[in-house]
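Please construct the entire structure, taking both the sequences and the accompanying hints into account.
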Amino acid sequence: MLKKEEPQDPSVAFRYPRVITYKHSLGYQSKFAHALKMGRIIATKCPVDGRCTIPPRIVCPMHHVKQTEWVDQGQRGKLLSAFKINFPMFDSRTGDLKSWETPIVSIELEGGARMDGWCSETDTEKLKPGMVLEAVWRPAEERQGRVDDILYWKPV
Amino acid sequence: MARRVGIVAVAQTKFEEKPGVHIGELLYQASRDVMKQTGLEFKDDGTGIDCTVASGYDMMSGPGGAYMFLGYIVGAWQREDERVIEDGSMAVYYGAAQILSGHADVALVVGYSKETQIDKNLIECLSLDQIYQRRIGLDFVSSAALQAMRYTTKYGITPEQLAKVVVKARKNAKNNPYAYCCDSLSVQDVLRSTMLCDPIRVQEAKPTPVDGACALILANEEKAKKLTKKPVWITGVSSCYDHHELGYRDLADCDSLVTAASKAYKMAGITNPFKEFDVAEISEHYSYQEPLWYEGLGLCGKGQGGKLIDSGKTQMGGELPVNPSGGVLSGIPHCLAGMHSVVECALQLRGEAGDRQVKGAKKALAHGVDGPAGQLHCVITLEN
Ligand SMILES: [Zn+2]
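Protein chains in written order, with our numbering: chain B, 1 to 156; chain Y, 1 to 384.
Hints in this document: simulated from the structure, not taken from any laboratory.
Check before you lean on any hint, since a few could be wrong.
Using 30 Å as the maximum straight-line C-alpha spacing, the simulated DSBU-like pairs for lysine-lysine come out as follows [what the hints assert, rightly or not]:
| hint | chain 1 | residue 1 | chain 2 | residue 2 |
| --- | --- | --- | --- | --- |
| 1 | B | Lys66 | Y | Lys362 |
| 2 | Y | Lys36 | B | Lys66 |
| 3 | B | Lys66 | Y | Lys226 |
| 4 | Y | Lys225 | Y | Lys313 |
Here are a few chain Y residues that sit away from chain B, every Cβ distance over 12 Å (derived from the structure) [what the hints assert, rightly or not]:
| hint | residue |
| --- | --- |
| 5 | Glu41 |
| 6 | Arg134 |
| 7 | Gly354 |
Pair by pair, the computed Cβ-Cβ distance ranges are [as the list claims (entries may be wrong)]:
| hint | chain 1 | residue 1 | chain 2 | residue 2 | range |
| --- | --- | --- | --- | --- | --- |
| 8 | B | His63 | Y | Lys302 | 51 to 61 Å |
| 9 | Y | Gln304 | B | Val147 | 23 to 33 Å |
| 10 | B | Trp70 | Y | Thr208 | 55 to 65 Å |
| 11 | B | Ser99 | Y | Leu122 | 21 to 31 Å |
| 12 | B | Tyr16 | Y | Glu80 | 49 to 59 Å |
| 13 | B | Pro17 | Y | Gly39 | 46 to 56 Å |
| 14 | Y | Gly39 | B | Thr68 | 17 to 27 Å |
| 15 | Y | His243 | B | Phe87 | 34 to 44 Å |
| 16 | B | Thr94 | Y | Lys266 | 32 to 42 Å |
| 17 | B | Gly39 | Y | Arg134 | 16 to 26 Å |
| 18 | Y | Glu41 | B | Gly50 | 14 to 24 Å |
| 19 | B | Pro17 | Y | Thr208 | 42 to 52 Å |
| 20 | B | Glu5 | Y | Arg134 | 28 to 38 Å |
| 21 | Y | Gly46 | B | Lys66 | 35 to 45 Å |
Here a beta-carbon is modelled for each residue, glycine too, at the ideal position from N, C-alpha and C.
And the structure:
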């Protein structure tokens, strides 16, 4: 038994520095990634009700039929919702805590699919549902087929 | 068992490195296959599939694989959709429980593994005790090495006996079109291969990375008889966890497997497993595990696993062929192995195992394992 005067540490801190690299197989989604490199947003379309989905899906999540058609979603969309993180949050790309100046927005694209991104307007008071936003891309040579090839969405 | 659970359809993908295939495509392929075989879809009126049980280890593959993709891929969206993040045999167990309880009549059980997406040792290390073991560098491979050393020392199991396990696995895999590794190996080839983690050599460990998926449809007795002419009945099922801490166990024995097997056998009325089973599919991630699991499964006495290998009785054509598919040592991925054992046993009992068929097989033994040094075992007995 421990004597009362012996120290009893309540916790012990271990750091786990490591790099975890996942090689995510894109499969059929490689079309979407390739389109991003080209500065385009495309989505899979349901053959039953015509709804477009991002992330693109091999089968329609709602009707469970195979989706084979890809539809261009345009460069603009309507704002559905927006929020700003007011405390330091992890940047999943670097692993660092950082403060986020840019709001995160959810958008319904011209083609009907919905996607999320960052917004250049940092004053959330000015972000109203229904307003039109436009994609601002990284320079073509910097694009890697990832969603952050779209730098941010800018109010039109 | 008061009620009976029948396996009415099984499917598997080819096991191989599939860097260009999305997890969703793997799941779609396997689950669509069993749905096509039975003509079943997801229905809310009790005429189709009632629920899903899925296994897959999200951290091992990157995305929340099972959570993100499964619901919509198999059509389980807005339906009961359970997850098992353990060996796939536990998903079969859970699916059987859903039916035994009367909660569901028909269940879809699916599992996937996408080992090409991650260096799995990075993740396995995190499965060990965070205060006392991780910092030593223990993971599943090194835990297995500790067990291999202890087991072979205590019972005098020889390197040659263990090498024969690998030779048998690869030879059997030649008859299995789904297998990953089916190269001809000699005992000397195995013994000369690079040391991976003393005393385990590279050829004595599960080949990695491998991707693949399996699926089964389970049904209650009444529906199973309507859905197929060749139902395979789950007659007994049990699992058992041992201590997580390696030092709490004698690694030379596998007490949790003894318990899991005896409970499953009791349920199935099996008293002499070696004589009664016609075929077995056992999850051996390392060569030493096959003789050790023989012992735990009661196929031979303690310390007799090496002699059973020597006897040739577990080879194709022997009294009890073990792993006609080639098993895990020919490349069945982590997490999927036990489900794959059930799938293979079902094919054997349906007489649909092709070139690896054990003629006239009536009773089969399927086994899955997870955790460091065989912490969790699951035993499923099957009959046609
Ligand atoms: Zn649809």
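Now the hints, each set against the structure:
1. Between lysine 66(B) and lysine 362(Y), the direct Cα distance comes to roughly 39 Å. Violation of the 30 Å bound is thereby established for this hinted pair.
2. With a CA separation close to 14 Å, the supplied pair lysine 36(Y) and lysine 66(B) stays within the 30 Å bound.
3. The straight-line distance between the Cα atoms of lysine 66(B) and lysine 226(Y) is roughly 28 Å, inside the 30 Å bound, and the hint therefore holds.
4. Our distance criterion of 30 Å between C-alpha atoms is broken by lysine 225(Y) and lysine 313(Y), whose separation comes to about 34 Å.
5. Not every CB of chain B lies more than 12 Å from the CB of glutamate 41(Y), the least distance being 8 Å, so the non-interface label is violated.
6. Not every C-beta of chain B lies more than 12 Å from that of arginine 134(Y), the closest at about 8 Å, which undercuts listing it as non-interface.
7. Its beta-carbon lying about 28 Å from the closest one in chain B, glycine 354(Y) satisfies the requirement of being farther than 12 Å from that chain.
8. Checked against the given bound of 51 to 61 Å, the beta carbons of histidine 63(B) and lysine 302(Y), roughly 56 Å apart, stay inside it.
9. Against the hinted window of 23 to 33 Å, the Cβ-Cβ separation of glutamine 304(Y) and valine 147(B) comes to about 58 Å, which falls outside the hint.
10. Distance hint check: the CB atoms of tryptophan 70(B) and threonine 208(Y) are about 35 Å apart, inconsistent with the given range 55 to 65 Å.
11. Taking the beta carbon of each, serine 99(B) and leucine 122(Y) are about 30 Å apart, inside 21 to 31 Å as hinted.
12. At roughly 36 Å, the beta carbons of tyrosine 16(B) and glutamate 80(Y) sit outside the given window of 49 to 59 Å.
13. With their beta carbons about 53 Å apart, proline 17(B) and glycine 39(Y) fall inside the hinted range of 46 to 56 Å.
14. The beta-carbon spacing between glycine 39(Y) and threonine 68(B), approximately 23 Å, falls within the hinted interval of 17 to 27 Å.
15. Between histidine 243(Y) and phenylalanine 87(B), the C-beta spacing of about 41 Å keeps the proposed range 34 to 44 Å intact.
16. Taking 32 to 42 Å as the suggested C-beta distance range, the pair threonine 94(B) and lysine 266(Y) does not conform, at roughly 55 Å.
17. Here the CB-CB span from glycine 39(B) to arginine 134(Y) is close to 45 Å, at odds with the stated 16 to 26 Å.
18. For glutamate 41(Y) paired with glycine 50(B), a C-beta distance near 22 Å keeps the hint of 14 to 24 Å intact.
19. In this structure the hint that proline 17(B) and threonine 208(Y) lie 42 to 52 Å apart at CB is violated, the actual value being about 24 Å.
20. Distance hint check: the CB atoms of glutamate 5(B) and arginine 134(Y) are about 31 Å apart, consistent with the given range 28 to 38 Å.
21. Taking 35 to 45 Å as the suggested C-beta distance range, the pair glycine 46(Y) and lysine 66(B) does not conform, at roughly 26 Å.
The structure shown violates the earlier hints numbered 1, 4, 5, 6, 9, 10, 12, 16, 17, 19, 21.
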